[in-house]
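Knowing the structure of chain A, use the given hints to seat chain B on it.
There are 2 protein chains.
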Amino acid sequence: MFNKLVIFGVGLIGGSVALALKQGTHTPLIVGVGRSAGNLQEALSLGLIDRAETDIAHAMQDADMVLIATPVAQTPVILRAIKPYLTSSTVITDAGSTKSDVMVYAQAELGVMAHQFVGGHPIAGAEKSGPGAALTDLYVGKNIILTPNDHTLPEAVQKVTALWQRCGGLVSTMRPEAHDAVFAAVSHLPHLLAFALVDDLARRDNAEQLFKFAASGFRDFTRIAGSHPEMWRDIALANKTALLDELTVYQRALSDMAALLEASDAQGLYQLFANASQTRTDWAKSKS
Amino acid sequence: MFNKLVIFGVGLIGGSVALALKQGTHTPLIVGVGRSAGNLQEALSLGLIDRAETDIAHAMQDADMVLIATPVAQTPVILRAIKPYLTSSTVITDAGSTKSDVMVYAQAELGVMAHQFVGGHPIAGAEKSGPGAALTDLYVGKNIILTPNDHTLPEAVQKVTALWQRCGGLVSTMRPEAHDAVFAAVSHLPHLLAFALVDDLARRDNAEQLFKFAASGFRDFTRIAGSHPEMWRDIALANKTALLDELTVYQRALSDMAALLEASDAQGLYQLFANASQTRTDWAKSKS
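Top to bottom, those sequences are chains A and B.
At position 192 of the first sequence the residue is numbered 192 (this note's numbering), and the sequence of numbers has no breaks.
At position 32 of the second sequence the residue is numbered 1032 (this note's numbering), and the sequence of numbers has no breaks.
A few of these clues could be false.
Unchecked claim - The calculated EDC-like cross-link candidates involving lysine to aspartate or glutamate, where the alpha carbons are at most 16 Å apart (straight line), are:
| # | chain 1 | residue 1 | chain 2 | residue 2 |
| --- | --- | --- | --- | --- |
| 1 | B | Lys1004 | B | Asp1050 |
| 2 | B | Lys1287 | A | Asp220 |
| 3 | B | Lys1240 | B | Glu1177 |
| 4 | A | Lys159 | A | Glu177 |
| 5 | B | Lys1004 | B | Asp1064 |
| 6 | A | Lys240 | B | Glu1262 |
| 7 | B | Lys1287 | A | Glu208 |
| 8 | A | Lys212 | B | Asp1282 |
| 9 | A | Lys240 | B | Asp1265 |
| 10 | B | Lys1004 | B | Asp1062 |
| 11 | A | Lys287 | B | Asp1220 |
| 12 | B | Lys1240 | A | Asp256 |
Keep in mind that the hints were calculated from the coordinates and are not lab data.
Fair warning: this is a prediction, and the values are worked out from it, not measured in the lab.
Chain A on its own, in the form it takes in the complex (with noise of 0.2 Å):
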């Protein structure tokens, strides 16, 4: 196992993997990175983490393992400080929702290092954020993806699997480039397709009408338009090719569904939707 994991970012994501970690034993000593002073002294003080520290030298010191929960802009960042401190035992992860840029990010920053880093996506979150908002059960149940390439070594996968295991997560692993296209379709696009629909909205005369008139069913399919612009456009970016091709499968699929209704097709239409229907029904139920 590990006795001491180095956390950059200590917000929803890297505080809810410390809060789960102290709930079990053989707790690892957890440090916490980052930017914000303020947040450091939230999570120290909430008891997420053992040591807040600024100075990656001092927080690397023994580390033999490293996740970054940060967005992910700063991974190559980071990485590229944290390198001269690792050891050949250190394992490296990060909690990105894009996985093909940061295996690129971590062959760039650390060389042959590279296969000491696994690439790592938790399918948990919330509406709020920062360390206030960590849960310890964030991760019960819910599905961790890592993504090892052909160099990464084996025992690296197996320190990371159990990290999220002691948080309570279901890991799975894929390759990088086969976990970017399931995501492009399943949450990329649509968050894409939610900010599109409330933009196009927002700029029309009678936006206020609109706006007044929205319900329910308007409320739940817009709820991830509300999510944080620019998080969703570093992801849009890193994940630009995928996003690209589900952008045009669906446009397609719309093109279709209007010819349907075009022609009055009412057997068509009915068909797609009861498939629709019935599909989403049966997914629910066998998620609850």
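Frame of chain A, contents of chain B only:
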């Protein structure tokens, strides 16, 4: 006011009107008419209605208000069936999701008596359906839209307004076509977008993997894809013109967004996402 209300369709919508009226004073006699003897009997035993009728002539005797709360395809059939029993003071209204089509039905079926018909659309609903799902407060604080045209009698509009106000609704009036344009944008389009996404994903070879990793954002975004396929087929066909216009506008918005992504226009994507996020957040606050 009115002394005898005949409700066609005693499910969630009609049943909740009945329940709400029964909370107040001057409760009219409420007669339920329906195709399903089971539903009618349940509405009677739950106390939603005072009498259950299958004979329209008997049901309509001395009725001064008729509410049609059935699937909208039945509306013209019901209008034709009740016409012989209407007096010059009977007011007829409905609760369908589309209004231009219903106003045309009223004109076609009722002739000169069409001016006693007031189209209505309560913007309220719930996951469940049937008389057992009826709620006393379903309409409290909810928007109710009435769609009179140039021929509708002002007294009829006043009476239907009073009906919904007694249920706690916030009544406003719109032209039928304006109603359908607004709801094409904020309700019908989102439903079709969600149906199209789920149907498309369900048809893929890796559908099982995709749905395995779909999480809470997907859950909310696609909730409306679990809606009733027959009802939504009818809504889509009834509001075909406005909905096709909305699909065209949305496809253009998606193409513009894809162009920003294709060009890696970080600033353009940020502005689009930020406008959507701010609008959605402000809207949610205004509604809570």
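Hint check results:
{"no.": "1", "hint": "B:Lys1004 / B:Asp1050", "result": "holds (10 Å)"}
{"no.": "2", "hint": "B:Lys1287 / A:Asp220", "result": "holds (13 Å)"}
{"no.": "3", "hint": "B:Lys1240 / B:Glu1177", "result": "holds (12 Å)"}
{"no.": "4", "hint": "A:Lys159 / A:Glu177", "result": "violated (22 Å)"}
{"no.": "5", "hint": "B:Lys1004 / B:Asp1064", "result": "holds (6 Å)"}
{"no.": "6", "hint": "A:Lys240 / B:Glu1262", "result": "holds (7 Å)"}
{"no.": "7", "hint": "B:Lys1287 / A:Glu208", "result": "holds (13 Å)"}
{"no.": "8", "hint": "A:Lys212 / B:Asp1282", "result": "holds (12 Å)"}
{"no.": "9", "hint": "A:Lys240 / B:Asp1265", "result": "holds (11 Å)"}
{"no.": "10", "hint": "B:Lys1004 / B:Asp1062", "result": "holds (7 Å)"}
{"no.": "11", "hint": "A:Lys287 / B:Asp1220", "result": "holds (13 Å)"}
{"no.": "12", "hint": "B:Lys1240 / A:Asp256", "result": "holds (15 Å)"}
Going through the hint list in order, the structure does not satisfy hint 4, though it satisfies all others.
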